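Assembling the complex is the task here: the two chains are given apart, and the hints tell you how they should meet.
Protein sequence lines correspond, in order, to chains A and B.
Residue 61 in my numbering is what sits at position 61 of the first sequence, and the numbering runs on without skipping anything.
Residue 368 in my numbering is what sits at position 368 of the second sequence, and the numbering runs on without skipping anything.
Just so you know, these hints were derived from the structure itself, not from any lab.
From a predicted model like this one, the values you see are computed outputs, not experimental measurements.
Just so it is clear, CB atoms sit at the ideal spot from N, CA and C, and this is done for glycine as well.
Check each hint, because a few of them may be wrong.
Ranges of calculated distance between the beta carbons of each label pair, as one might list FRET restraints [as the list claims (entries may be wrong)]:
hint: 1; chain 1: A; residue 1: Lys2; chain 2: B; residue 2: His187; range: 52 to 58 Å
hint: 2; chain 1: B; residue 1: Lys160; chain 2: A; residue 2: Ser12; range: 46 to 52 Å
hint: 3; chain 1: A; residue 1: Ser12; chain 2: B; residue 2: His187; range: 41 to 47 Å
hint: 4; chain 1: B; residue 1: Ile467; chain 2: A; residue 2: Ser12; range: 54 to 60 Å
DSSO-like mimics (lysine-lysine), calculated; alpha carbons at most 30 Å apart, straight line [what the hints assert, rightly or not]:
hint: 5; chain 1: B; residue 1: Lys318; chain 2: B; residue 2: Lys512
hint: 6; chain 1: A; residue 1: Lys2; chain 2: B; residue 2: Lys214
hint: 7; chain 1: B; residue 1: Lys236; chain 2: B; residue 2: Lys80
hint: 8; chain 1: B; residue 1: Lys479; chain 2: B; residue 2: Lys202
hint: 9; chain 1: B; residue 1: Lys505; chain 2: B; residue 2: Lys611
hint: 10; chain 1: A; residue 1: Lys75; chain 2: B; residue 2: Lys262
hint: 11; chain 1: B; residue 1: Lys484; chain 2: B; residue 2: Lys616
hint: 12; chain 1: B; residue 1: Lys392; chain 2: B; residue 2: Lys202
hint: 13; chain 1: B; residue 1: Lys557; chain 2: B; residue 2: Lys543
hint: 14; chain 1: A; residue 1: Lys2; chain 2: B; residue 2: Lys479
hint: 15; chain 1: B; residue 1: Lys616; chain 2: A; residue 2: Lys2
hint: 16; chain 1: B; residue 1: Lys202; chain 2: B; residue 2: Lys616
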Amino acid sequence: MKSLREFAPGASLVVEGFDSTLTPEARGHLSAWGLMPGTMIELLSHQPVTRLMVEHAELALEDTIANGILVSLRKP
Amino acid sequence: MTSIALVGQPNVGKSVIFHRLTGRYVNVSNYPGTTVEVTRGALRDRPGQMLLDTPGVLTLPARSEDEQATAHILLNEQLKTLVQVGDAKNLRRTVQLALLLAEAGVPMVLALNMMDEVRARGMTFDTGRLATELGLSVVPTVATGNEGIAALSSAMDVAKVPVFRLAYANDIEATVDDLVGMLPKAHLSGRVIALLYLAGDKATETWLASQAEKQAGSQNIDLSALAARRELLQEKFTEPLAEVLQRARMTAADAIVQRVMKNAGQTGNALVQRIGQWSVHRWYGWPIVALVLYAVYAFVGQFGAGVLVGLLENDLFKGIINPWFQQLVTTWVPFVWLQQLLVGPYGLWTMGMTYAIALILPIVTTFFIAFGILEDSGYFARLSVLSNRAFKMLGLNGRAILPMVLGLGCVTMATLTTRILHTPRERLIVTFLLALAIPCSAQLGVVMGMLASYGMGAFLIWLGTVIFILFTVGWLSGKLVKGKRIPLMTELPPMRLPMLSNVAKKTWSRLKWYLMEVIPLFLIGAALMFVLDLIGFLPWLVKAGEPLVTGWLGLPKEASAALLMGFLRRDFGATGLFALGSSLSPEQGLVGLVTLTIFVPCIASTMMIIKEQGLKTAVIMTGIIIPLAFLIGGLMHRALLLVGFTG
Chain A
1 MKSLREFAPG ASLVVEGFDS TLTPEARGHL SAWGLMPGTM IELLSHQPVT
51 RLMVEHAELA LEDTIANGIL VSLRKP
Chain B
1 MTSIALVGQP NVGKSVIFHR LTGRYVNVSN YPGTTVEVTR GALRDRPGQM
51 LLDTPGVLTL PARSEDEQAT AHILLNEQLK TLVQVGDAKN LRRTVQLALL
101 LAEAGVPMVL ALNMMDEVRA RGMTFDTGRL ATELGLSVVP TVATGNEGIA
151 ALSSAMDVAK VPVFRLAYAN DIEATVDDLV GMLPKAHLSG RVIALLYLAG
201 DKATETWLAS QAEKQAGSQN IDLSALAARR ELLQEKFTEP LAEVLQRARM
251 TAADAIVQRV MKNAGQTGNA LVQRIGQWSV HRWYGWPIVA LVLYAVYAFV
301 GQFGAGVLVG LLENDLFKGI INPWFQQLVT TWVPFVWLQQ LLVGPYGLWT
351 MGMTYAIALI LPIVTTFFIA FGILEDSGYF ARLSVLSNRA FKMLGLNGRA
401 ILPMVLGLGC VTMATLTTRI LHTPRERLIV TFLLALAIPC SAQLGVVMGM
451 LASYGMGAFL IWLGTVIFIL FTVGWLSGKL VKGKRIPLMT ELPPMRLPML
501 SNVAKKTWSR LKWYLMEVIP LFLIGAALMF VLDLIGFLPW LVKAGEPLVT
551 GWLGLPKEAS AALLMGFLRR DFGATGLFAL GSSLSPEQGL VGLVTLTIFV
601 PCIASTMMII KEQGLKTAVI MTGIIIPLAF LIGGLMHRAL LLVGFTG
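Bound-form chain B, shown alone (with noise of 0.2 Å):
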């Protein structure tokens, strides 16, 4: 089947383009790097037609694994079409891409999306005439506001092969020509994979390696020919290739743009952006993190898991539901072992049901909430510039805030984000900890929930805990993974409103995806229980694991099961803890809350650190997360009893 290609620079809008165009929703966030993979979905009006959404290239060749992503399906797909998807605003940077792109001898359209930001800012451009001087279809779009879409749509049908050529200096030429003629047959032309090549695509090499080996003994691709070309061309610039291509395409994008724009516009000044300066400022900054932290602990921790869960598990589960199911139950049921697999103490509807309903669901969706909002308003990425220093101590840059930052969404996702970063240290040390110290939101609710009955110098304490574990032991990493450091060089996003829409659509997804995974897996859990404790493993566990539990964590010994069930979900162990309710003493609650915050991962991101990092990585990751976690619990009781924490 042929497909149609989303492509283009990050953060422009390919993912509300291909929402609109397919009705699948994906994750659509302010800021560069959301899609790490390549997804697909058949378009709306012609279910035959499958349609890709690619990850963003700045431009190629791609410099990160997610971009590169985009490089594979370039050359690997049976492209029917390619849609340049291209921010308006930044007209230069969006036709520096389509200069190559153009030449790829695939029928295509460009997508000018983000027009209502150019009409904000008073810009004014002929988009007829740049698309006489590009040769293809131009389309200008405002994929949020559906505006142009289905003009887009059209242009998809009829879409033809640019009629564009951009001249490169003679010598390149030249090369190029040679390459084309040493090249195998492709998708894409021989001119844009000749391109590539010279400019050290990887993604390029490894498929030219791959069609080599394929095409042994019957048409021959003399690899070594080719790089002796490449080196011969590079002999002839002091700068490296790569730059010489890209500033021939920039140079012909400058003068393309000079003659299309008719007014190059103001940078915007509303409020918004205003706050978006101060959000990154050396000393604003910090407050304004501050206040950040405190809404979403407000909103996350007292009204979601105080008052919600208060009225959900007290009232309504506790109150009117239990007593009805479990009345219902005795009666009906006249095994006492399935009364009690349905509704005792482990039961599936008593304690699977009951904490993903009551008790995590009113926590995740005033997370999700929160979370949508600072991600829609572009606010996520401003933290990389405050937080740079302190990553610099890590070996890292700003940029990995992001993904620690979507681990506390969730660590599996997060952990494929981790693509985004340039290089392999960086992304073992940023998995591993998100492995170690990143909670993801159920948890995190949870915590936040818990910690709330405390006071708020428990929650500190927590989060100084963990932050003080975060970066000692990514400061270590820092200096025992091999490798050099990258300075922090990015681009941050506009701040903008966020749209209700895309929160209440991204919250509702998420959701959906939350319950799907964390019901099942609660369900289980709660049967598993039921069954150890049925055999008696779970009362010989409390008993094994009572001088660890209770002697070093001096945690109640009930606290056994809740670290158990933490193996299978880190908020299911949690929510194992916040059960226990006035059971424990906030001394006890906060130890309890830090050692299973350090703990294992939960089953679906360790899958996810073997798939990214490899079973053996993944493997001496939980072998050093386990111990640690039981020995900073146990510090961290020893030092509260010290200092006479009641709460």
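Next comes chain A alone, as it looks inside the complex (with noise of 0.2 Å):
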């Protein structure tokens, strides 16, 4: 379980938690758009931002929210 920003730009992650470090109003917006501990992501980019793809959605988050996601590689 690693930080959403130490994956490659291309990779299929699972959420697995949030970091301390992540407010509960970031949380809460996160979980809003489905981002959960379970979700499946496509990670698209770390520059200018991090861009993810969860279900048909692009999110684009700063560093200090990406560095907060917890993820792993999703199983094939």
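The following block contains the structure:
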């Protein structure tokens, strides 16, 4: 389980949890988009901000937020 | 009167469905947060019934002011039916919101919109099964193509209260049961109000406080007992209750989606979507911005303000209409003062109507077309990614670009759109920057038109100066206004090929609104200038303003009139400068345009700032902006002289 920022773009990942550095507001926002433990995501890029796909929606997250999302590689 | 409310997540097509069902056009855009206020309209085939278009909510509790407007509607309106509009391709998220709304105790229909995108991605799911799972009618729609709208309308007629109940954890269920007994009677079910209250929804808390005040003495609502019950439940969880409740709904939504989904489809990879990817790329993104800017400049500045204005102003108005009208007036109107009022230098026709029709109309028409195309494509939202680093310096995040870009259309509407920002601090700073340095469409068009005749260099100096002011003042504001910066978290809507009909509709609706506002104001402005000239105030002002206008800014004394007109509307002032034409040198034109760009916002924008931020803030903003505009103008005049700028 690593931070989202530690994976290379193109990786298929599963959300495992959130770091304690994330504020309750930020966690609330992420969960409203469906980013919760167990959610499958596709990492698109890290620059200029982290972009990812959840379902068919594209999200853009600043480094501080992306750092707080803990993920693991999705098993094939 | 009972109403039907359209509720749903941002950017799912609620406003298009509203337009289809009522015939009333409201602004529809390809980015979240276009609707910030509730819009009402009578249903086309049932004129006695009102349909409400509400701002998008990702989920409840509401997180921003526009989302709270939706929560307020749910709590306060006697709703006949609730129509949730959902993005069919993001089914999990749609179902998650449906799981809360379905328990509201109101007849409900789920419109699964954007089915065309579902088909394009090869997704398939069983809508019949979804309807059974949620205990309500599910209608697939493609609102932009009018597909499924008749079926939705019929489903709204026979909608029933959903037979659905999501089982939360035992502790939550027990607390909800307790709270239901303590809550006042409402249009919504006590269960949903209890769930919203437990999640800390601000609109629900406000509603409860107002109910407690109303019912004081009769049925007591014990707010402190409610709060104590919530705290007690919170102690049983390590995560905030809002998150616990949200996770329960998301888990249930996941399970339902798994049962109804036949094929989850592929993410689209069409050329337009690849352009979307390139437009947020760290390297390719910037050339694309430059290309877009140049295309807008060529279309609005060179074609609109050059070719079209030349045809309308010189050939049609100055060449044919105005001489004929002047002849007509001098022949038939016996009073000289009335002749002057109609066709004099500050005449209602020669200034008011000529400015509005011959100068502004071609410019704003081309601008609105260019703006509509970019808006419909989803490009604007991508600017938030590219600009995030720059906005970080101002203590904001890239989302602030949206009201700013909208300000290029109309600063008044953009001031209202600051409601999509999440904190009062962000809203205050962005409102101030909008008032200070964002030119509205008409002004921008006139600016581009004038600068096009001075060359690309002049345009870049103007752009660079305005951006420099925007970021310097913004940086200072970010330091001075207290509060924490919120990092960027935003959704990027899919890039789409702009729909010609939507761009045409938008352009027409904006032009109609613009002309309705501009023509009376331009006529009032011309009449005011005529009266001020008649009573000798204008010549006096020109003389009194000489040290500032001629001495400090280096402009000809006639420019005082343009600056005075700028008080009424900035574009009116800019058009005044435009009309001075060749009597201004490129250096003077550039100084005049920079001064007017930073100048006070128009009357309508000022009223909006008062409405959104209060009178005191509006007065402080104006008190800072006017001296700053003259200071920058004067400094720029000196700098341009120093470098020997000749255009």
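Verification of the supplied hints:
In this structure the supplied range 52 to 58 Å is violated for lysine 2 of chain A paired with histidine 187 of chain B, their Cβ-Cβ distance being about 48 Å. For the pair lysine 160 of chain B and serine 12 of chain A, the supplied restraint of 46 to 52 Å is violated, since their beta-carbon distance comes to about 41 Å. Against the hinted window of 41 to 47 Å, the Cβ-Cβ separation of serine 12 of chain A and histidine 187 of chain B comes to about 45 Å, which satisfies the hint. Range check, isoleucine 467 of chain B to serine 12 of chain A: about 40 Å between beta-carbon atoms, so the 54 to 60 Å window is missed.
Proximity of lysine 318 of chain B to lysine 512 of chain B is assessed by CA-CA distance (about 25 Å); at most 30 Å being required, the pair is judged to hold. In summary, the hint linking lysine 2 of chain A to lysine 214 of chain B is not supported, as the alpha carbons are separated by about 52 Å, beyond the 30 Å threshold. A threshold of 30 Å between alpha carbons decides the hint, and for lysine 236 of chain B with lysine 80 of chain B the separation of about 37 Å lies outside it, so the pair is violated. Straight-line distance between C-alpha atoms of lysine 479 of chain B and lysine 202 of chain B comes to about 28 Å, which keeps the hinted pair within the 30 Å bound.
Proximity of lysine 505 of chain B to lysine 611 of chain B is assessed by CA-CA distance (about 29 Å); at most 30 Å being required, the pair is judged to hold. A hinted pair counts as satisfied when its Cα atoms are at most 30 Å apart, and lysine 75 of chain A with lysine 262 of chain B qualifies at roughly 21 Å. Restraint check for lysine 484 of chain B and lysine 616 of chain B: satisfied, since their Cα atoms lie roughly 23 Å apart, inside the 30 Å limit. Using a Cα cut-off of 30 Å, the hinted pair lysine 392 of chain B and lysine 202 of chain B holds, with the two alpha carbons roughly 28 Å apart.
A threshold of 30 Å between alpha carbons decides the hint, and for lysine 557 of chain B with lysine 543 of chain B the separation of about 8 Å falls inside it, so the pair holds. As the CA atoms of lysine 2 of chain A and lysine 479 of chain B are separated by approximately 34 Å, the hinted pair breaks the 30 Å bound. Only pairs whose Cα atoms come within 30 Å are accepted, and lysine 616 of chain B paired with lysine 2 of chain A is rejected, the gap being roughly 49 Å. At most 30 Å may separate the alpha-carbon atoms for a hinted pair to count; lysine 202 of chain B and lysine 616 of chain B meet this at roughly 26 Å.
The structure is inconsistent with the numbered hints 1, 2, 4, 6, 7, 14 and 15, although it conforms to all the rest.
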